[in-house]
Structure formats: structure tokens, C-alpha cells
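Visitor: Listed below are the residues making up each chain.
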Amino acid sequence: MHVPVDRDFVFPKWTNFIPFVLVLLALSGAAGAHVVFGVIANPRVYEAGYAPEQPVPYSHKLHAGDLGIDCKYCHFNSENSSVAAVPSTSICMKCHSSVKTDSPKLQALRRAHENDEALEWVRVHRLPDHVHFNHKAHVQVGIDCQHCHGPVERMDKMKVVAPLSMGWCLDCHRKVDGRGSQDNRREVLDAIEGLSGETNHPTLVKNRWEDVKDLHGRLFETGERSLDDLNPPVNCSGCHQ
Amino acid sequence: MTSDNGTGRTYWRSLDHLEDTPEFREMVEKEFRFQPELAADPISRRSFLHLMGASVALATFSGCVPRRKEAKVVPYGDLPEDLVIGRATYYASSIGLGADVQGILAACHQGRPTKIEGNPTHQESLGKTGVHAQAEILNLYDPFRSQAPRRFKGMAGDKMYHTDTGATLEEFSAWWQSEVLTADAPGAGVGFVYRDDNSPTTRRLRGELARKMPGATWYRHDPANDEQILEGTRIAFGVRGRPIVDYSRPDVIVSVDCDFLGTETGHVRATREFTSRRNARVARQGVNRLYALESQFTVTGSNADHRWPLRQARLRDAVASLAARLGVAGVRDPGMSDARLETLVADLKTAATRGGAVVVCGRRVDADVQALVHAINDRLGANGSIVTVSPCDEFAANNLTTLLSDLEAGRLSTLVTLEANVAYDAPGGLRSKIVSHLGSVGRDKGALKRLVHFGRSFDETAMYSTWHINRAEALESWGDLEGADGRVSLQQPMIDPIFKGLTEFEFLSRLAGGSDEASTLVAMTHKLSTRAWKRAVHDGFVSSPRRTTTARCRVGDCVSQFAASVSNVDGMELVFALCPKVWDGRFADNGWLQELPDPVTKVTWDNPVLMSPATAKTLGTRDSGLVELTVDGRLLKAAVWTVPGMPDGSLTIALGYGRTGSGPVGRDVGFDSYQLRGDNNAWSAPVAVKAVNGFYEIASTQDHGVMMGDDRQIVQEVTSEAYRRDPQTVSTRIKKVNVPKSLLGAENKSLHAENPYDTGYQWGMSIDLTACTGCGTCTIACQAENNISVVGKDQVLIGREMHWIRMDRYFVTDKTEEEYPDTHPELEYGMGEEKAAFSTPDEVRMVHQPVACMHCENAPCEEVCPVAATTHSEEGLNDMAYNRCVGTRYCSNNCPYKVRRYNYFHYSKETPWAEGASWYNDWSAAGYSYEHVPEVKKLAANPHVTVRSRGVMEKCTFCVQRINQARTDSRGEGRRINSENLKTACEQACPASAIVFGDLNDFDSAVSSAHEDALGYKLLDYLNVKPRTVFQARVVNPNPSWKVPS
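So the sequences go chain by chain: G and W. Following our numbering from start to finish, the first sequence increments by one per residue and tops out at 241. Following our numbering from start to finish, the second sequence increments by one per residue and tops out at 1287.
Everything labelled a hint here was simulated from the structure, so no lab data went into it. Given the structure is predicted, the values throughout are model-derived calculations rather than measurements. Keep in mind that a hint or two might mislead.
Stated by the list, open to error - Restraint-style ranges between C-beta atoms, simulated for each label pair: (1) V131(G) with E420(W): 55 to 61 Å; (2) E1176(W) with S59(G): 50 to 56 Å; (3) L62(G) with P321(W): 27 to 33 Å; (4) K741(W) with V131(G): 55 to 61 Å.
As the list claims (entries may be wrong) - Covered by chain W, per the in silico footprint, the following chain G stretches (three or more residues, Cβ under 8 Å): (5) 69-75; (6) 89-96; (7) 146-158.
C-beta atoms are modelled at their ideal positions from N, C-alpha and C, and glycine is treated no differently.
Could you put the whole structure together from the sequences, leaning on the hints where they help?
Guide: This is how it looks when you write it as C-alpha cells:
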């Protein structure tokens, strides 16, 4: 009579599938993680493309593009401060007290102005609270608004075009890095040029970038600006303060 | 035990440190002593995992739903001119504490004041501030101050009930008109009790109201008054006023219980002036000399070259002896036989003929002694040059004793209290009787029918009131303040009154039936032209000369009015002190101040009875033990804290604690010492003391943050004499105690490739220990600038205070290690055991050392961070990326200076100290909870600094937000950053100008020269971590002939 002992134990046949199942689970987990972190939660998807409805259907295309009003006419705060600031109602009313005074689209604006109430715009570009971006630092060295905000002058509805992620910020900061010897001036200038060349935004206004490069080139020649001015911070405290 | 090799001095943090007890060793070795997070956390680890599982699932779902929560941007309707959103706008104003008035510039972010700086053009602040001015921000956003007028509703048992909301000022005015004003004789039976706020407008309106209500009686009550000083001046000069001392002039200063660097009127200006003669820059020319004769160990005493511990009752004799030996005619020498007196006299005489000498008196010293000191100063030639007397303008009033007798005689039917909290801070003997009369309001028992309470919070007195009207804070009101020297500073509102409070003069004006705006009322007082008014509002003060008297000191009167002797010279005495933090109790609700370690005792959140270790031993008690104090039959049980250097038999207790009617922050904190105070606000009293059983934990930070390295490296002192003889004294000494080279075989070298850090800006700091007085202003300034949390007493007890810049304090005794008796290994140290018998030497000095992150070039913290959350910037900053930190705390463990702070809780959102506190039920009834911090507190935050979350490490950043802004600004203007335009918060606030910050690559900068200075040394330099902060050794100027009798 056969007495079963331990060594006689034989794995049932179905256990042969366990490794396959495990591999399959791992693969699908990895794929899921990729979908979650690489696609859904990726700032390129998560941030870029966001275009909420606003209480007043303001068109940047009309104002900045067709009418050619300078960005800093309304967002003048960006020249002096870390925040660009949404313009106050009174700035809109500077023109709209005589232009389009009875447009139904501007009703919310007029009502806010007359009742001395605040107009609540929906925030489009937003960085996390632990990131302290400074508009002034970028505007005063000649970085175009379009470089981060995209072709605003062609947007009817304001839309986020850039991922606004840390990696995306650092891409630029590393490229325009003029640290080290003063001899790499050429490289730095090329890097600036390169920025406009290989931009992620096909619609970026290219000729403006030529201007920036020319401006810097000229200032270097005259000694008005040194390479120090082109040292965007790449260390943590540059933005995390 | 810590000893400074070769100098013969010993530096120690506490007696535990000196004796190197097991408790102290444990404190040092176990950095994260106590980890009750899981126990204290309502969510256990297991349920946490459950929750985590669920939240992962939820997170997956939320990935599929629309992108992000909609956020709103709310721009201005009409942007005010010149306002730049995202940048601070500065407005001049002023803040007063009695006659101590400081000019300030308040940084406002879109109408929201977030930080206070000194006003550089204001004579009293000269661009600097004290702790109270820095902490004013928190007073403004205190959610527990009174938010609306309240009306008495009815009795429920023995308790009075008030309306919460709904009562209005108009209702009050109508009530006042019908109930009080219509009496036939206006004001008959009406009493006003006020605390003087030194505002000329308030004074004017008091006068107007008094004319309108001639029958009314006025009483003044200020527990922190300068009455003795004013009376002393009256005896000596014939006018009530304050002596204004120019501390930058005398070579020798003798302080008679005068804490002019801490709690006396004008301490910010005094600190500026005093340290202008006592800092590393002038050390080569010699520094001034300060003698302190005092019982309490004060900040001033801690900065003295020689401190003579004298019981309060002995000060009188000491001054008389000084006067007699200095040749003030007619003074009888009480015959104190102490060699120190002769030394003092000789030094004063010599100095008087050279640079000048002065004796100064604090507010606790009796008026006749003050007058005798004026006579001494006359003899020293100080009057008129170093000391000028400024008469003060007063509104005549009675005192609380008269109030009580009027109440007892039934002469008052209506009482109005103006910011005077008599039910709390009246002297103990009067208080209970006054309170019993107040209790008749609403019960129809006694003559007093109505009590109108005007104040910032619904406090102890308000609980008895028929009406309570809420006061506006300094930052939200118009006003004017008269300083000690008679010059007037203006206040302007930074923000509309958040809770619609009134200023005191607005309230008085309404009582008189007026309805003028606050700004009109102030303008009417000063009658300036429009141009001059605008200028004054812009500057923050009305430009005018000091108010001085030309009267000469009447030495004869001073001598004849001096009472030669006083009883109770030998028994135990109790001295009352104004707390340098909560003052007389008015700042009890300010968490920043409550948690600031006392400059001398390092005690937070408490006011223990201070006494010398020998006294404690005699009484049979010890640190944290309990004693029963009895004064005139009134009893108080309080905890003990020993302070070496206090005279035996003299006890000190701070006022302002043990409040029952403050907001939750200050409620039941410490001991109600007003209970023991004698009538007429006496500053000291004979006391009977008895040790009783019990133990009361005191959260002192004196043994926190012990640095990991050779103790001999930490504090360096040098005498003025030695420094002049050999400027290299300190560096020679440092080299001697450094770790022997042979250990490493060569110069210190790092294993890693070292970055030279020689291009661009290279930030560094220097701290001048000669100038630093230890006041703690830097700590509060940093807290305000960097959104640093308050953690509460329980957390401080386990070493979790969050201050980025801490003030280390060392006792100094002139003995070497060998001279001390051996430690006592045979004794068991423990809770119930008595500490080893240790008699402290007679003269104990003190050194203060502010310590913040040193931004080491070879930072040990960076090496151990597993997630690279802390890294180095090219400008030499040790950066901290909060959102990357996962909270391993390795960095803190590896930091030799122990400057890193960990968020054990989400302090900005939760208040861990709330739960379990006695007031917690009230608080939750008001709609607040453990997880819920009131909204208004968020307004206090600096928008340029990230608010940290739970589980994140933080530390000093060298105010990187200020660096970044300065960099952007200077780049725009095409220049390098000018250190004048870039100051860290601590540097900007420091009244001693001890902290200097700047670019080490700019060889002309002050910080560069400090780094090159011969006095400069780096803490634990031999570790080769290359700190960026240099300390400049403390230069002291002892008198070689000073001998402490054994």
C-alpha cells in the first residue's frame, strides 16, 4: 500500500500558471502606473489644455492680437512684482466706459463696476503653493510672455499650453545657464537662440525671440549686461522659499 | 561640564549641565526624546493603513474626473494707486507700551499687515524694534479678542450671561444717553477707571468728558506703572517726569535694579545706545563698563561686566553707601562693609572725570532712593548731559484704594473701565473686594448698578459688565502716542478694524455724545496745517524737540526725604517682575510671546518663582517643585525654578500669568501673582515660603539644542584689556583647543570634492556676541517673517519648539573645571531625589548666543538626506525643498548645531495643544476644534514663504525670499545687490545690531570684514563643515580690582 509522504507532494498542474499570472499582474500594474503617473497625472496632460469658462467672455485674440494692445498695458503688475495679477475692473472700464457700452457680453463687468463688487475670474495658470515663481525676474530680462503662456494673442479663450512642471521650468533654466567661465558667451547666446529653435510650442512667435537674442547680444557687446544676468537659478531656493 | 580651556572660566547651560547629570546626558543623546505621535494620534497605525488603501482607490478615481478644482482670482474693483500686488507696501505707524513708544513700518500685502519693522527715522526705535512690536501682528489677528459689543442678558444661577452678537454701538449710545447721562447732576455716581495709554488725544477727550460730566470720578490703574520713577523725579526736580539717559555717553554705568536693556521704558533706544559703545567694531578702543546691582537676574544683569546680587531690601543701603562715599552732602553712610562698594566708588569717580559715569534706577526702586540716585548723578556731573529729565503730562486721577472706598461708601452707581482689567490685575488685597462689588451688577444687591467695560478682549472684568465694547488694535486704528520724552508719534490704520472695534478716544468721544471720525479726533489734538499733518502721518511722528525741564536737581530735598532704613532686611522677600514677554498680562493671548523662552530662565509658557539654588535647598525644594507663598494672609501655590546668581532669600515672580479670563492661549498659563501683590501696586513684599508636595512641569529650553562637539569651542570671551594687548588672543586660543592635527595627519580635508564657492554672491552672516544682549527680538522677528508655528507647552517639554533662531544662554563662572567639587556619582538623581548639593559661586555672569542654521559649505545634513530635499545652492545657501522632504529626520540627527526643526504636527492647521486643555470645551463650543485653526489667523502669514505641512523638516533659510527679491530688483536696475537693501529679518529687528548679513564676495561689506576680524571664530570649526556664520568673541570689560568677598 502506498503511504503518501511529504516528498511525494506534486504541485498541481494549474500552479504552472502562477508565474504567468504574476508577470501579467506586474505588467498591468506597471502599465497602470504609467497611465496614472505618465498620462493622467502628468502635468503635460493635467495642466496643459485647461481652458475654463470665464464670467466675462474676454478674448485675448481680440485685444492683444487684433487690436495689438501690449500685454503689460493691463498686466502691468508683472513688471514690478512676482505676480502678474488679473487686471482690476477699473482697467477694463478705462476703455469700456466709452467702447461697447451696451454689449450684453460685458454685463457682468459693468454690474461689478457699478455696484463696486469684485469680479470673480476663474484662475487659469496655477502653480503649487510651495513654488514661488517671479514674473518680474522673467519680464525684465526680456523673456516673452508667450514663452510660457503660449500664443495668447491668438486665443479666444485663455488656455494653458505648457505643463508648468518643475522639469519644464528647469529645461529652460539649465539651457540659459551662463555659469562658469566668461568665455562661453557664444554658447550662451546660442542657447538662447536654441530656445526659440526647439521650442515645444510650434505657435511661438519666432521673431520676438530673435529680438530677445539681439537685445542680449547688443547689451553684452556694450558691456551693459553681463553673463551674470543670464544665470537663472537651478538650485532649490530659486523657487522654493 | 564645559570649560573654556586656558581662560579659567566655565560655561554651562544649567546646573544639570555643570554637574553632567544623567538627565542632562539623556537630553543630549536622545535627540528625538519622546515619540508619542501614534499614541496621541486618534488614528492608529492600522486604521491609517485602512484609510491609505481607501484613499489610493479614491485617487485612482479622481484621476479620471475633470482636471482640477476650480480656483478663483478676485482682482480689485478699483486698484488703489501705487499698490503693487505681490509686494509689501510699508506704512509708518507706532506702537506703545506705557510710555515706551516705538516707531514702526508695517509691511502690508494688499492691506494686510504681515510684518513689522522699526522706523529708521523715529528717535525711539531708530529702525529697530523690541519683541512686543514684532509680536503685534499676532495681536491683530487674534481670533479670541472680542469681536462685537456685548450686552448683559441675565443671570443663570451665579453666572452672568451676555449676548454673543446683535448688540450694537447705537444701542449702547442710546442706553448710555437714557440710563446715565440724563441724571440731574451730570456724572454723579459715575466712575471711570483707565489704564494710561499715553495718547494726547485720549487725554484731551478724558478732559472733555470730565468737563461734560463734572460729577464723575476718575481712577487710574496701571499694574506696570512708573510711579516710583515719576515721584523720584518730583522729589529731585520738582516735576513728575522721567529721566532720559543717553547710554552712548558714559564709560561706566551702574544699574540699580534697572533693566534698561529689557523691561524699562525706552529699552530699544537704550539697547542701541548701550551697544554703540559695546560691540566688536569699537572693541579696540575699549568698551564701556556696566555694573548691575539687582536681585532678579535680568537681561541687563546678564550683560553686566560685574553683577552684584543684592536683595531688593538691601538696594536702599547700597545706594546710600554709594551716595555717602561719593560725597553727596548730608547722607549718612549705613556702613555696608563690602569691598565692592569701594571699587564702585573709585571707578565712578574716575569715569566721571573722563568720559562720564551714571547711576540708573529701575521702576521697582522706591521714590526716595530714586531721588538719591538723582543726587548721585548730580555729584557725578551726569545731570543735564547724560541724564535729562522730561516732565510728563498727566490727567489727574485717584487710585484703586480710593475706588474701593468709594465703592464701599456706595458713591458709585456706574463704573466704566477703560482697558483697565481690575478684576485681574488689581493688587490681591484690593482685587477680591473690588470684584465683590462688581458682582453686585446685575444682582441688584449693592449700590453699583452698571458696569461698562471697554477693552480688547472679553476678559475677567468684562464678565461682570452690563455692556462690553470691543477695542481696536494698534494696527487698525488712528491714534497718537506720547513717548517718555514728550515727543508724539502717530498711528494710522493698516487695515479697517477687523472686528469693528473702537479706539479708546473714539469711545470717550461717543460717551460725550460726539460722533467724530478717529482721524479727525487725532488731528484736532495736534492742530497741524494740512501739510504738516500729512508729513506727520507719512513720517509716523510729529516732529518736535524733546520736552525737558531746566530745573536743577535739589540735592538737599533728595537727602532730606531719604528714609535711611527699612524693616525686613533679613526675612524672605518676594519681588514682582514685569514679564519681558506677556508684560502685565495684556499679551497673554499672544502665542509667539508665550512660547519665546525667557531671556534669562529660558522658561516658556510659565512664570515660576525664581530663587537661587541655595535658597531652594534651604526651603527643601527644587526645580519644578511647589512652594506655598503667603503675603499678608493671601496664599499662592507656585512652581519653583532656580536661577544661579540670584541673592539668597530673594524670590522673584513675574506678573501677567494665571489668567482666567483671557482667550484660550493664555488661559490658566502659569500662576496668578497679582494675588500676592500689595496695595498700591507694590513691587516687593516680605513673604512666608513653605515647600509643599507636588510637581509641576516647567518647559524650559535651557538644555535643548546642545551642540555636538567640543564644548570648549562654543563660547569665546576675551577681556577688553587682553584684546587690546594682543588682538589675536581668541584665534590663538581656538587653535590651541582645536582637535590635534595629528589625528588627521594634515589640515582638515573633506572626503568629497570641495566646491570653492567663490563666484557670484556668497551669503554669510556674522553675530557679534559683544553686542548681543539676548533679548530674543530676533526669534520673534524670524517667527513673524517665516510663518513659524507655535507648538504649545507640551511640545516644548519634549524639545519640539520650532524657532529657527534660538537664543542659547550660558552661565559663566570664573572657575576652572578642576576647581569645582567633583560630580557626585554616589547620589542617585531622580524625580524624588534631591539634586546634589551645589552652592553656586557668588558672581555668576551670563553669555547669550543666537544660533541659527550656519549654512555649512560641507553641510552634514545634505550628505544624509535620502531624497535630496536639502541641497546646496551656488550662493552657499543650504536649501530646503519642503515638498520633497519625506521626514526621515536624518538631517537633524546629523546636524552638529541642532538647528533643524521638524513639524511633528500640521501646526498651521491643527493645534495639538488644544485637546485636553481646560478651555477646550469652550473652544469647541465656539465652533473651533483640534483640526481647525480660525481663518483670521491665516491673514498673518507672509505670502512669500511656504507654509509647512506635517512631516516636513525646516530651518533658517537666511531669509531666501528676501535674497530672491533683492536679486530680482537689483538685476532690473543693473547693479549688484547692496547689503543696505538686503537684510534678514533677525538682522533688521536686532536692536543691538549684533547680526550682520551680506555677501562674502563683496570685500567691502560689513559681513566680509567681520569674517576677517581677529575676534571672529566659527562654531566647532574643527569639524570642517565650514559654517557660513561667524561669531565674534564677546569682549568684556571687567574691573581688575573687583573682588567678590568669600
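Visitor: So, for every hint listed, does it hold in this structure?
Guide: Results of checking the hints against the structure:
Between V131(G) and E420(W) the CB atoms are about 59 Å apart, so this pair conforms to the stated range of 55 to 61 Å. At roughly 36 Å, the beta-carbon separation of E1176(W) and S59(G) lies outside the given 50 to 56 Å, and the hint is violated. Remark: the range hint 27 to 33 Å for L62(G) to P321(W) is upheld by a beta-carbon distance near 28 Å. Between K741(W) and V131(G) the beta carbons are some 37 Å apart, a value that contradicts the proposed interval 55 to 61 Å.
Counting residues of the segment 69-75 of chain G whose beta carbon lies closer than 8 Å to any beta carbon of chain W gives 0, which falls short of the minimum of three for the stated coverage. Beta-carbon proximity to chain W at under 8 Å applies to 3 residues in the segment 89-96 of chain G; the threshold of 3 is reached and the given coverage holds. Check result for the segment 146-158 of chain G against chain W: violated, 0 residues qualifying (beta carbon to beta carbon below 8 Å, three or more required).
Checked against the numbered hints above, the structure breaks hints 2, 4, 5 and 7 and satisfies the rest.
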